[in-house]
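Assemble the whole structure, with the sequences as input and the hints as a guide.
So the sequences go chain by chain: A and B.
Here my numbering is used: the first residue of the first sequence is 6, the next is one more, and so on.
Here my numbering is used: the first residue of the second sequence is 196, the next is one more, and so on.
No lab work stands behind these hints, which were simulated from the structure alone.
Some hints could be false.
[Claimed, not checked] Some but not every residue of chain A turned toward chain B, in silico, with C-beta under 7 Å:
| id | residue |
| --- | --- |
| 1 | GLU19 |
| 2 | ASP21 |
| 3 | ALA25 |
| 4 | LYS63 |
| 5 | ALA80 |
| 6 | TYR91 |
| 7 | GLY106 |
Everything numeric in this text was worked out from a predicted model, so none of it was measured.
For glycine and all other residues, C-beta sits at the position ideal for the given N, C-alpha and C.
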Amino acid sequence: MTDPGELILIVDDEPDMCWALEHLLNKQGYVTRKALTALEALKLMERHRFACAFLDAKLPDMDGLELARRIRERAPDMRILMVSGYFYRDDLAIQEAIAQGVIIDFISKPFLQAEILRVLET
Amino acid sequence: MGESIASLNNSPESQRYQQLYDMLLEAIPSSVLFIDRDLRIVSANRNFLGKNRRTLPDTIGHRLEEVFPAIIIDQMDFPGRIRQVFEKNFRVKGERMTYRAPGIPLRIYYYSILPFSWQGVVELAMLLMDDVTEQVRLGEEVRRVERHLASVVESAQDIVLSTDLEGRILTWNTAAEKLSGFTLHAVRGHNFFDFCADDDQGEMERVFTNLQAGKDAQMAEWDLKTRDGGRIPVSWIFSPMRDHLGEAAGIVAVGRDLTERRKFEAQLLQTQKLAALGVMAGGIAHEIRNPLAVCSSAAQFIMAGDLEPQFQRECAEKIHAGILRASMIIENLLRFARPTVAPDIKEINLTTLLAETLSLATNQARIAKIELQAQLPREPIFISGMEGLLPQAFMNLLLNAIKAMPDGGELGVALGQADGEAWVSISDTGQGIAPGDLNNIFDPFYTTAPVGQGTGLGLSICYSIIKQHFGTITVESGADQGSTFTVRLPIL
Ligand SMILES: Nc1ncnc2c1ncn2[C@@H]1O[C@H](COP(=O)(O)OP(=O)(O)OP(=O)(O)O)[C@@H](O)[C@H]1O
Ligand SMILES: [Mg+2]
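Pasting the structure below:
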């Protein structure tokens, strides 16, 4: 459960994807920060304590799952969600990452806004 | 010999003539017989005796039928002819005679019978026989060899034709008639160039100039025109025909119909393209799902209602832009996947073609954490080419570069023009190519990729596509130094 007012990190190299997630989350009262690369994301983490992160699977400078692992090292209790058009939900890499607790869930693009919110509320 | 004549006079002068006459008779390489009115032989030279294994005693004074086999006498009607010679002072000229007699090999003679007349009266008939057995045999042999060669040429599946040094057609075999629809009669004497496609004329002139200058076999590929207005792709080998002095006297061309091979090549191209599409599928899925996700989100905002007018407008714009982007990707994909059955040459803007191909590969690069550095000019660069083929060549180079950088890197794509040529360079910062491998990479099926991850056809197909566009493709690379492939194409 991520409470409104908490800080959420959005990482996607596609500015319009950031736009969509930002508007959705802001409307629900969440505060968001966005990063277009993994490096930017890690930098933001130095300055902010995020409750939750939405990661794209493929970033220009790093694999999304790799970024998730690095985030996990720094912030073990941060909830990480993968939002991507690249994998299927039952992809082996995704299944493993969920089993290992690297990410808490996977949402494929395009998604229903309700799905995103549901994950935040559980 | 010549006894009956010789016995007429015994003066020294006549003895002198006798000796001269004997010498002549002995020297000439023909058989000479003198025959009298009763068909008796009065004189025979050594040549005749030798050829017929006879002696003077069993010849002189004997009747013709005792010396010649009856069948010859009948066949040739010697008595009748000799009578004519005597009665009408008539000469029998140039007849052929096959001489078969027991115990001697078959001979063929060329004979004439001439009257010898003295003071208006025919005294003797002279039978002159030339042995032409060898010449006839040789002639027959030559004809047999000729017939054999002709039937080889005629039954060949390949076009076989010959021309003089200027290119005027002399012969044209059945295969040439069948393929072109033109008969030998229709083409003989016409210039071979007239039956070849116009766009190859420059190449043809080069080949013929080389042949005229005495160069050896020349190979070429150009199209043959057909009677129904079509074209057949043919691979040619031209060789100089030399005379007995070794000088070029004409030109022989052997041509093979490439239609089937072209079909096969087209299939191969398509297969390789599908394999490349398979590689791109993951990237393309991602590429399309991103704009779809943006559209979908924007639509959901609108459906939720109660929006600021400005945000509502923003949503609509995002939807519109997203749809355009997704359909553009699909369009590029379709264009790339489209089979190229009959590639037709037309004016192509290389700038847009490259940009479109690049957009298909972009996501592939992004997934592999590769930074794309594209330097395309703003202005169009026009070349003449095949729209269905060029993207495949560039895509193969792009995918190779991406494959060479499994841990990410930089993909540089640049386009420019210089000296009447357009150049495209595709460079990577990947593992590079070892100097020893540089010679092999353009070979079909040469690959260093693990089984199932590369057919090894990519570069060989690039090479053939670029060659069909009269361009060149070069590579600069070294182990761990990255690679740069440069394609040069003639500008319109
Ligand atoms: N940019 C490059 N960097 C390093 N090596 C390369 C590069 N391009 C080609 N090669 C080498 O040349 C080989 C042949 O390339 P080619 O494109 O013909 O086949 P492939 O890429 O292995 O397979 P395919 O293209 O059929 O999927 C490759 O296996 C690789 O070893
Ligand atoms: Mg390849």
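Hints, verified against the model:
1. GLU19: holds (5 Å)
2. ASP21: holds (4 Å)
3. ALA25: holds (3 Å)
4. LYS63: holds (5 Å)
5. ALA80: Hint on ALA80 (chain A): violated, closest Cβ of chain B at ~23 Å, above 7 Å.
6. TYR91: The hint holds - TYR91 (chain A) has a Cβ within 7 Å of chain B, the shortest such distance being about 5 Å.
7. GLY106: This hint is violated: GLY106 (chain A) lies away from chain B, its Cβ roughly 25 Å from the closest one there, beyond 7 Å.
When held up to the earlier numbered hints, the structure conflicts with 5, 7 and fits the remainder.
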